[in-house]
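**Q** Chains as they are written, first to last, in my numbering: chain A, 1 to 232; chain B, 233 to 517.
Source of the hints: derived by calculation from the structure; they are not laboratory data.
The model shown is predicted, which means the values in this text are computed figures rather than measured ones.
Don't take every hint at face value.
Claimed, not checked - Here are a few chain A residues that face chain B, going by a calculated C-beta distance under 10 Å: (1) Val-24; (2) Arg-27; (3) Leu-50; (4) Ala-70; (5) Arg-72; (6) Arg-75; (7) Gly-79; (8) Pro-82; (9) Phe-88; (10) Tyr-102; (11) Gly-104; (12) Ala-145; (13) Met-147.
We put the CB at the ideal spot given by N, CA and C, even for glycine.
Residues per chain are reported as follows:
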Amino acid sequence: MLEIKGLSAGYNGNDVVRDVSFHVEEREAVMIIGSNGAGKTTLFRAICGLLPASAGEAWFTGANIAAMPAQRIVRRGVGFVPAERHLFPRMSVLEHLHLGAYPGRPDPETMAMVYSLFPRLAERRSQRAGTLSGGEQQMLAVGRALMSRPRLLVLDEPTTGLSPKLAHEAYEALDALRRKGLTLLVAEQQVPLAMAFCDRGYVLENGLIRLEGTSAELAADPRVRTAYLGVA
Amino acid sequence: MTAYVLDGIVLGLQFGLLAAGLTLVYGLGGALNLAYGQMAVISAMVVTFAIDAGIPALPAVGIGLVTGAALGLFFDLTILRPVYRRQGEARVLLSLLLTLGVAFIVDGYLSWRYPFRGLTLHIGGGPVNILGVPMRRGSLVASAITIVAFASLFLFFRRTALGRAVRSVIEDEEGARLVGVDPHLMLRLILVLSGGLAALVAVTRAMVTPVTVTGGFEITVFALIVTVVGGLGSFSGALLAGILLGIINSIAASYIGTFLSLIILLVAAALTIVIRPSGLLGVRE
Numbered sequence: 001m002l003e004i005k006g007l008s009a010g011y012n013g014n015d016v017v018r019d020v021s022f023h024v025e026e027r028e029a030v031m032i033i034g035s036n037g038a039g040k041t042t043l044f045r046a047i048c049g050l051l052p053a054s055a056g057e058a059w060f061t062g063a064n065i066a067a068m069p070a071q072r073i074v075r076r077g078v079g080f081v082p083a084e085r086h087l088f089p090r091m092s093v094l095e096h097l098h099l100g101a102y103p104g105r106p107d108p109e110t111m112a113m114v115y116s117l118f119p120r121l122a123e124r125r126s127q128r129a130g131t132l133s134g135g136e137q138q139m140l141a142v143g144r145a146l147m148s149r150p151r152l153l154v155l156d157e158p159t160t161g162l163s164p165k166l167a168h169e170a171y172e173a174l175d176a177l178r179r180k181g182l183t184l185l186v187a188e189q190q191v192p193l194a195m196a197f198c199d200r201g202y203v204l205e206n207g208l209i210r211l212e213g214t215s216a217e218l219a220a221d222p223r224v225r226t227a228y229l230g231v232a
Numbered sequence: 233m234t235a236y237v238l239d240g241i242v243l244g245l246q247f248g249l250l251a252a253g254l255t256l257v258y259g260l261g262g263a264l265n266l267a268y269g270q271m272a273v274i275s276a277m278v279v280t281f282a283i284d285a286g287i288p289a290l291p292a293v294g295i296g297l298v299t300g301a302a303l304g305l306f307f308d309l310t311i312l313r314p315v316y317r318r319q320g321e322a323r324v325l326l327s328l329l330l331t332l333g334v335a336f337i338v339d340g341y342l343s344w345r346y347p348f349r350g351l352t353l354h355i356g357g358g359p360v361n362i363l364g365v366p367m368r369r370g371s372l373v374a375s376a377i378t379i380v381a382f383a384s385l386f387l388f389f390r391r392t393a394l395g396r397a398v399r400s401v402i403e404d405e406e407g408a409r410l411v412g413v414d415p416h417l418m419l420r421l422i423l424v425l426s427g428g429l430a431a432l433v434a435v436t437r438a439m440v441t442p443v444t445v446t447g448g449f450e451i452t453v454f455a456l457i458v459t460v461v462g463g464l465g466s467f468s469g470a471l472l473a474g475i476l477l478g479i480i481n482s483i484a485a486s487y488i489g490t491f492l493s494l495i496i497l498l499v500a501a502a503l504t505i506v507i508r509p510s511g512l513l514g515v516r517e
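Using the sequences and the hints given, assemble the complete structure.
**A** As C-alpha cells, then:
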C-alpha cells in the first residue's frame with residue numbers, strides 16, 4: 001500500500017533521514033522505532049508532505065506522493081496525526097471534526113464511529129480544543145484525521161505526554177481501528193507498547209534504517225533488547 | 233450626548249469593517265497592507281467615473297466593489313508574492329515597505345491627475361428620528377449595510393466549510409494543511425474579500441461624508457489604529473474596537489475639535505498597547 005524508496009529529507013539542505021526504504025502492506029500495523037532525534041518525525045513529515053523530500057520516492061496506492069503538498073496527500077487517503085497535534089486552539093471539537101472532512105460534508109457514519117471510539121469527544125463537542133486535556137487533544141487529533149476517511153493512518157508518537165494508563169487506552173483505540181480494516185504506521189519511543197500492537201517494525205538510528213523484522217524478531221534481537229526494551 | 237454616541241456608532245461600524253479587512257490579511261498571511269486606504273480610494277474613484285459616464289448609482293457601486301475585490305486579487309498575485317516567500321518578521325517588514333511604496337505611487341498619481349475629486353453618494357429623504365436624535369438617512373443606510381456585511385462575514389466564518397477553513401489557517405497553518413486546506417488559496421480568497429471590504433467602506437463612507445482622492449492614508453491609519461486596539465488577527469476585536477473608537481472620536485471631535493481627534497485616537501491606541509499588548513480581543517502570545 002505504501003512503499004518508500006530511498007527517501008531523504010531534512011532542513012536547510014542537511015538531510016536528517018537518508019536513503020530510507022520500507023513498506024506497509026494493506027491492513028498491516030507497522031512501527032518505526034528509534035530514540036529521540038533519530039529522525040522519526042522528519043521521516044513522517046516528509047511522507048505526509050509537510051516537508052519536501054530531497055530525494056527518493058513514496059508510492060501510495062499507485063501514485064508517487066513524494067512531491068505532493070500535504071493538502072493533496074490527505075485527499076488521497078493518508079491521515080496524519082502529528083506529535084505536536086496541530087489542533088486549532090480557538091475552534092470547537094465539532095468544528096475540528098467538520099474540518100477533518102474538508103472540503104466535503106462530514107459523513108454521519110464516520111462521525112458516529114469517532115464518537116463511539118472516543119465518547120469524551122462527544123461530551124465535549126462544543127468545547128474549544130485549547131481547553132482540552134492532553135489526552136483529549138490526542139483523541140481529537142486522531143478523530144480529526146479519521147474524518148477524512150483515510151485508508152492509511154500515520155501516527156507520530158501518539159503517546160507523547162500521556163500517562164501510562166492513557167497511553168494504553170490510546171493503543172486500545174488504535175486496535176479497534178485496525179479491526180475495522182485501517183492500515184497503520186506508527187512512530188514510537190515507548191517500544192514495548194508499540195511492539196505488542198504492531199506486526200512488523202523498523203529501527204531508525206541517526207536517520208538510517210538499521211534493523212527490520214516482525215515484532216517477535218525485533219523483540220528477540222539483543223541490540224533492540226538493550227537499547228529499547230531496557231533488558232540487559 | 234446621545235447624538236454623539238449615535239454618530240460614533242455609525243463611524244465605528246465603518247472603522248470596524250475597515251479594520252476587519254486589514255486584520256484578516258494579517259492573521260492569515262502575516263502581512264500588513266499599508267496601501268489599504270488607496271484600495272478604497274481607487275474603488276471610490278471608479279464609482280465616480282462610472283457615475284460621470286452616465287451609469288446609474290447602484291450598478292456604479294457594484295463596479296466599485298468588483299474593482300476593490302480585483303485589486304485584492306492583483307495584490308495577491310503581484311507585490312505580495314515576494315512577501316509570502318519570507319517568514320515571520322521579515323515578512324511583515326517587507327509587506328510594510330512594498331505596500332507603502334504602492335500607496336505613495338497611487339496617492340501621488342491620483343492627486344496629480346485628479347485633484348479635488350471625490351465621491352459623495354446622496355441618499356434622498358429627510359432625517360429619521362432615532363432615540364430622539366434626527367439622523368441623516370445616508371448614515372442609517374451606511375450603518376445598515378455595514379451591519380449586514382458584518383453579520384454575513386460572521387456567518388461565513390462560523391457556518392460555512394470555507395469560512396472554517398480560513399479560520400483553521402489562522403489557528404494553525406500545518407494543521408490546516410493536514411485536513412486538506414490549501415493556505416495560499418485561502419489567503420487569496422481573503423485578499424479578494426479584503427479589497428471588497430475596502431471598497432464597501434469607501435462607498436458607505438461616501439453616503440456620510442465625501443471620500444476624497446487624498447483620503448487614502450487617513451483610511452489606512454484609522455484601520456491600523458482599530459486593528460491594534462482590537463487585537464491583530466481578531467475579527468470580533470475589530471468590531472468592538474471600531475465602535476469604541478468611533479464613539480471616542482465623535483465625542484472628542486465635538487468637545488475638543490476635529491483637528492485633535494486623530495491624536496486622541498492614537499493616544500487611545502497607545503494606552504491599549506501599554507495595558508493590553510495583544511489588543512482587546514487579541515491572542516496573548
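**Q** None of the hints should be skipped; say for each whether it holds.
**A** A quick look at each hint next to the structure:
1. Restraint check, A/Val-24 versus chain B: the minimum CB separation of about 19 Å is more than 10 Å; hint violated.
2. Checking A/Arg-27 against chain B: minimum C-beta separation of about 23 Å lies over 10 Å; hint violated.
3. Hint on A/Leu-50 holds. Least Cβ distance to chain B is approximately 6 Å, under the 10 Å limit.
4. Because the closest C-beta pair between A/Ala-70 and chain B is about 4 Å apart, less than 10 Å, the hint holds.
5. Interface restraint check: A/Arg-72 against chain B, minimum CB-CB distance 8 Å, threshold 10 Å, status holds.
6. Hint on A/Arg-75 holds. Least Cβ distance to chain B is approximately 5 Å, under the 10 Å limit.
7. A hinted interface residue such as A/Gly-79 counts as satisfied when its beta carbon comes closer than 10 Å to some beta carbon of chain B; here the least separation is about 8 Å, so the hint holds.
8. The interface hint given for A/Pro-82 holds, since its Cβ lies 7 Å from the closest Cβ of chain B, which is under the 10 Å cut-off.
9. Checking A/Phe-88 against chain B: minimum C-beta separation of about 4 Å stays under 10 Å; hint holds.
10. Nearest Cβ of chain B to the Cβ of A/Tyr-102: about 5 Å, under the 10 Å cut. The hint holds.
11. A cut of 10 Å between beta carbons decides the hint on A/Gly-104: the least distance to chain B is about 8 Å, and the hint holds.
12. A distance limit of 10 Å between C-beta atoms decides the matter here; for A/Ala-145 the minimum to chain B is near 7 Å, and the interface restraint holds.
13. With a least beta-carbon distance of about 8 Å to chain B, the hint placing A/Met-147 at the interface is held under the 10 Å criterion.
Going through the hint list in order, the structure does not satisfy hints 1, 2.
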